[in-house]
Structure formats: C-alpha cells, structure tokens
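S.K.: Sequence:
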Amino acid sequence: MARVGRIAVTFSPGDLAALNYGNIDSVYGIAKHSNYTKQQLESAFRAFLNQNGNDVSALTERQLIGLGNFLCGMTTSQVSQINLGAFSDAVSSIGLLTDCDDARLTALRRLAGRLYGAPNTWGQDTILELGVVAAGLSSSELSGLHEDRLRAITPLAISVISPNKFRSAFSVWGLGRLGPSQAMAVTDTQLRALSQAQRDAVSDATLGQNGNTAHC
Numbered sequence: 003m004a005r006v007g008r009i010a011v012t013f014s015p016g017d018l019a020a021l022n023y024g025n026i027d028s029v030y031g032i033a034k035h036s037n038y039t040k041q042q043l044e045s046a047f048r049a050f051l052n053q054n055g056n057d058v059s060a061l062t063e064r065q066l067i068g069l070g071n072f073l074c075g076m077t078t079s080q081v082s083q084i085n086l087g088a089f090s091d092a093v094s095s096i097g098l099l100t101d102c103d104d105a106r107l108t109a110l111r112r113l114a115g116r117l118y119g120a121p122n123t124w125g126q127d128t129i130l131e132l133g134v135v136a137a138g139l140s141s142s143e144l145s146g147l148h149e150d151r152l153r154a155i156t157p158l159a160i161s162v163i164s165p166n167k168f169r170s171a172f173s174v175w176g177l178g179r180l181g182p183s184q185a186m187a188v189t190d191t192q193l194r195a196l197s198q199a200q201r202d203a204v205s206d207a208t209l210g211q212n213g214n215t216a217h218c
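Going by our numbering, the sequence shown opens with residue 3, and the numbers climb by one from there.
Please note that the accuracy of each hint is not assured.
Said to hold, decoys possible - Between beta-carbon pairs, the in silico distance windows are:
#1 Gln126 to Ser82: 23 to 33 Å
#2 Asp17 to Arg64: 17 to 27 Å
#3 Asp27 to Ser142: 39 to 49 Å
What the hints contain is simulated information worked out from the structure, not anything from laboratory work.
For glycine and all other residues, C-beta sits at the position ideal for the given N, C-alpha and C.
Starting from the given sequences, assemble the full structure and let the hints guide the process.
M.R.: Spelled out as structure tokens, the structure:
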C-alpha cells in the first residue's frame, strides 16, 4: 500500500475499500495525501474499521495519526466516540488534516471542548495545537475570540473555514486583525463570499497594513 502513494487519490471508493488496512504505517503512506472526495474518505475509513475491530473508541494515538485524512471519513457520531486520551495525544497531527468538511470539523471541535473546555477559555497555545479543529468553531465563537486568540488560528485552519461561516464570523474589523500569513491563506472561494469592504480588509491584512505584527 505504501508504494501506491498519491496515486490512491485517483482510486474509486471501491478500490480503496479493497486495500489491506492491517499495517497503520502503510495506511499513512496513502492517507497523508489530500484532495480525497467525501465518498473516498468514508470508504477508506469504513474499510479500516472493518479490518481492525470496528470500534472507534479503541483507536489509539498511533492509529489516529496514521489514518491521516481518512479520519475525515468518520461520521460525526463516530468522532464523538474517539477516546479523549488518544485524541489529546494525537491532536497536533489531527490539526494538520486538510480533507475534513465543516460537519466533521464541528464534531472535532465538540470533542476538543470536552478536553479543553469552552472555546472562550482556550489560550493561544491550545488554538495553535488544535490547528484545523479551530475551523469547527461556530461563527459566534470565532467572532468572539480576542485578538491574540484570533492570531493563533493557523493559516491552514483559516483556509478550511467554510465560505459562509467565514463571511459571517469575521467583520471588516476582524479581518483587519488577521496576520499576513493568515490573510494570504484566505481562499478564492472564501473571498467570493465576502463583501467588498471585507475583501479590502483581507487585502490590507495581506500587506500588513493593519498596524499589527503577525504571530503566525
């Protein structure tokens, strides 16, 4: 499986389901790649479970890390079953996933809430460690972050916030508080969802014209 590498992204859901998922290191060889479809992710994760005990709560830190983007094939109910200890140990790797949709990110954010408490109590280090999980925060939770916490959201997390949420979560003022690397991570799809004033604020932040020094 490891030799397949990125070619696996072109496999059909059925082809992915037919692979052997017994060696987690080999699984990571294809799961680390991005741009899988929702159907591919779901098929791969289901195959892994079927071949390895079918118990989400028993997943170890090593398995959570090795599953890479295939974790994005979990149902939201399955996400809630992840062992908190294993999640805590693997969270910095989970925070680098690129293929999770908003529903999965929201479920991961709920899991993080069970571990770290309410988002308004999260410090900068926690938000940095959570990575893309922070993209699962609601619009009101994102807009309520203090500036130093806002600056702790990783550029990758910025890029995976759904366009509608991005538009409603960040006012012109909030977008102006982004650091240059965060502003440069804003996608074209996100930009198209913004008002002209919001787009101008992103542009200014990209150039560092908001009077702040970036922390990320």
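S.K.: A separate judgement is required for each hint: does it hold in the structure or not?
M.R.: We went through each hint and held it up to the structure:
no.	hint	result
1	Gln126 to Ser82: 23 to 33 Å	holds, 26 Å
2	Asp17 to Arg64: 17 to 27 Å	holds, 25 Å
3	Asp27 to Ser142: 39 to 49 Å	holds, 41 Å
Checked against the numbered hints above, the structure violates none of them.
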